[in-house]
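Line by line, the protein sequences give chains H and Z.
Heads up: the first sequence is residues 1 to 169, going by our numbering.
Heads up: the second sequence is residues 170 to 594, going by our numbering.
Because the hints were derived from the structure by calculation, they are not lab data.
Glycine included, every Cβ here is placed at the ideal spot set by N, Cα and C.
It cannot be assumed that every hint is accurate.
[Stated by the list, open to error] With a cut-off of at most 30 Å between alpha-carbon atoms, the simulated BS3-like pairs for lysine-lysine come out as follows: (1) Z/K553 with Z/K367; (2) Z/K302 with Z/K589; (3) Z/K302 with Z/K367; (4) Z/K554 with H/K81; (5) H/K81 with Z/K589; (6) Z/K367 with Z/K589.
[As the list claims (entries may be wrong)] Take a look, some chain H residues computed to stay more than 12 Å from chain Z by CB distance: (7) I4; (8) T6; (9) L20; (10) G41; (11) G48; (12) R68; (13) I73; (14) I78; (15) G104; (16) G109; (17) A136; (18) A142; (19) A146; (20) R159.
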Amino acid sequence: MKKIGTFADRAIWIFETSFLTVAIAVMVATLFAQVAFGMLGISLAWAGELALYLMVWIMCIGASAAVRSRSHIAVGLIADKLTGLPARIVRVAVLLFCFFLCVGAFILGVKYVQMTYAAGLRSVAARLPMWTVYAALPVASALMAARVILLAARGLAIRARKGEKEPEL
Amino acid sequence: MIAALIAIVFVGLMLLGVPLFAVIGTVTAICLIATGAPLTIMAQQMFTMTDRTALPAIPLFLLISTLMADGSSAKRLVNFVRASVGWMPGGLPLATLCACLIFAALAGMTPAAIIAVGAMIYPGLIQGGYNEKFSLGFVTSAGSLGILVPPSIVVLIFGVVGEVNIEALFIAGVVPIIIISALFTGYSLFIGARSGVKREQFSAGDIARKIYEGFWAILLPIGVGGGIYSGAVTVTQAAAIGAVYAFIVEIFFYRSLKLRDLPRLSRSVGTMVGLLLVIIAVTFSFNWYLTTNGIPDTLTQWIVAHFHSRILFLLTVNLLFLFLGCLMDILSAIFITVPLLLPVAVAMGIDPIHFGIIFIINFEIGYLTPPVGINLFTASAAFKKPVVEVSGAVLPFLGLLLAALALITYYPPITLFLVKLTGNM
Chain H
1 MKKIGTFADR AIWIFETSFL TVAIAVMVAT LFAQVAFGML GISLAWAGEL ALYLMVWIMC
61 IGASAAVRSR SHIAVGLIAD KLTGLPARIV RVAVLLFCFF LCVGAFILGV KYVQMTYAAG
121 LRSVAARLPM WTVYAALPVA SALMAARVIL LAARGLAIRA RKGEKEPEL
Chain Z
170 MIAALIAIVF VGLMLLGVPL FAVIGTVTAI CLIATGAPLT IMAQQMFTMT DRTALPAIPL
230 FLLISTLMAD GSSAKRLVNF VRASVGWMPG GLPLATLCAC LIFAALAGMT PAAIIAVGAM
290 IYPGLIQGGY NEKFSLGFVT SAGSLGILVP PSIVVLIFGV VGEVNIEALF IAGVVPIIII
350 SALFTGYSLF IGARSGVKRE QFSAGDIARK IYEGFWAILL PIGVGGGIYS GAVTVTQAAA
410 IGAVYAFIVE IFFYRSLKLR DLPRLSRSVG TMVGLLLVII AVTFSFNWYL TTNGIPDTLT
470 QWIVAHFHSR ILFLLTVNLL FLFLGCLMDI LSAIFITVPL LLPVAVAMGI DPIHFGIIFI
530 INFEIGYLTP PVGINLFTAS AAFKKPVVEV SGAVLPFLGL LLAALALITY YPPITLFLVK
590 LTGNM
């Protein structure tokens, strides 16, 4: 079990990191090209669109990476005060809650992708099929659900307390 | 009845430590189900973020700050600032302030600024003869000022969530920053004179050397700030140019970063983008629910009927924000309160840009207010001092910030004058 967990953690890690590196590089390059060509009087309308769609994907995959590093913004005034058994119960309950939410978001995302795919929606300037953008929602929800389970398997809470570091690979 | 139930769910989930985006998402889903609307509206509204062309500026500025902080630009900038203003009366605190402004702005979030700048300058302040209490308080408070300076992520997010002109917000922040800096510098002159602090030697050679060492790094904030303030480029364009520039400078000129560092840096930028934008995305669907059900209108009517003067309203808002600032961080507060309160403020005849600056300064103060002022904890950890001691040290600065807040709140031209002058209104 532990081996499968480590393998899954690594696999998702590699996917997230390579995706983020490439997507951020392409986004910066596209926006820079838009400014550069704009100075020459050539307008690249598709570039702004592409950058926004890449940003949606970066956001979704980044949200999954943020579950790994347990850095999602949370308030948790009560959770911080608890110790011992009550703290464990809250921790597990919150993880379960997040897991079901991810499953819900996954189902919603698949439905939405099917809807936009069937409707054949395309973007205005780049003529990209819109479902390729919306697919970020189910993909990210699935990744996040897996990440939540991996946290639970390690006995970690959804958010790090102050000063806690991200566990190594 | 339903409203009360929703409020309980909202507060309960937050207190238990459920991430904010999940809390807002759950509440939105419950609201939609209760009104019989299909849940796919949530997905649809979340993706309206692809209509906000200012949004890509957020990942880009996070990238710039990560490149500079991880490379050597940030350190070179601080060295330059210290050499150029350190010799003036009250120079060391002034240098700290400038460095904090540059750094907090670049890093977007202030705790990072405190640690980075503090570690570099705090020992200098003590050596320069400032007592420990003053130095600690100064470094901790100065760190919270940067959230008004471009390319502050807080300002960007306020602009996106509230649909307020971001360039105008940055321009409106200029005079408030100057006022607060002047108050801080004045106070440090007073302390410096009282405790007989000696001035550092002026050395043209040293300044020249620091300019030479930090030349490329110094150009970046000048270029990005100049571009945005002059209106030559949009915020997103400035960010795109800045990101490419920072990349080239760090990799090829200073060689302080290697290409193989990029996956690690991309991951850390991606993580920050993920945790920030996911909340923005769910906030869009929550806002859709609020507006289609006329909730901001109802709230506005109630407040307009009960608060007869603008001043009374602003005072209440100030108190509310100070209170919230003690409970949650500024980004959470923006997502929760801006969609509700901004329409009210506009209905009461308060300019959204003015409101934005008041909002942000309130939360700067919130950063320093116990029990959950983030800067207090960060400073306590960074300088190995108890939180109580740090809290005591920031008290005079809290007073100064409150005075500035009062001035800025009740005299709108401080924020709006420059905006009008530059034609952004």
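Each hint tested on the structure:
Under the criterion of a C-alpha separation no larger than 30 Å, the hint pairing Z/K553 with Z/K367 is consistent with the structure, at around 27 Å. With a C-alpha separation of about 41 Å, the suggested pair Z/K302 and Z/K589 falls outside the 30 Å cut-off, and the hint is violated. A C-alpha spacing of about 18 Å is found between Z/K302 and Z/K367, which places the hinted pair at or below 30 Å, so the restraint holds. Taking the CA atoms of Z/K554 and H/K81, the gap is near 22 Å; set against the 30 Å cutoff, the hint holds.
At most 30 Å may separate the alpha-carbon atoms for a hinted pair to count; H/K81 and Z/K589 exceed this at roughly 49 Å. Annotation: proposed proximity of Z/K367 to Z/K589 is violated, straight-line Cα distance about 43 Å (limit 30 Å). Every Cβ of chain Z is farther than 12 Å from the Cβ of H/I4; the closest lies at roughly 23 Å, confirming the non-interface assignment. The non-interface label for H/T6 is consistent with chain Z: the shortest C-beta to C-beta separation is roughly 18 Å, beyond 12 Å.
Against the 12 Å criterion, H/L20 falls within the reach of chain Z, whose nearest CB is about 4 Å from its own CB. The Cβ of H/G41 lies farther than 12 Å from every Cβ of chain Z, with a closest approach of about 15 Å, so its non-interface assignment holds. Remark: the non-interface label on H/G48 conflicts with the geometry, its nearest Cβ contact in chain Z lying 6 Å away (cut-off 12 Å). H/R68, annotated as away from the interface, has a beta carbon of chain Z within 12 Å; the closest lies near 8 Å.
A Cβ of chain Z approaches the Cβ of H/I73 within 12 Å, the least distance being about 5 Å, so the stated non-interface status is violated. Once the 12 Å rule is applied to beta carbons, H/I78 is inconsistent with being away from chain Z; the minimum gap is 4 Å. Not every C-beta of chain Z lies more than 12 Å from that of H/G104, the closest at about 7 Å, which undercuts listing it as non-interface. Listed as a non-interface residue, H/G109 fails to keep its Cβ farther than 12 Å from every Cβ of chain Z; the least gap is roughly 7 Å.
Distance to chain Z contradicts H/A136 as a non-interface residue, since its nearest Cβ pair spans about 9 Å, not more than 12 Å. Listed as a non-interface residue, H/A142 keeps its Cβ farther than 12 Å from every Cβ of chain Z; the least gap is roughly 15 Å. The claim that H/A146 lies off the interface holds: its Cβ sits roughly 15 Å from the closest Cβ of chain Z, which is beyond the 12 Å cut-off. Separation of H/R159 from chain Z is inadequate, the least Cβ-Cβ distance of about 6 Å not exceeding the 12 Å criterion.
In summary, the numbered hints that this structure violates are 2, 5, 6, 9, 11, 12, 13, 14, 15, 16, 17, 20.
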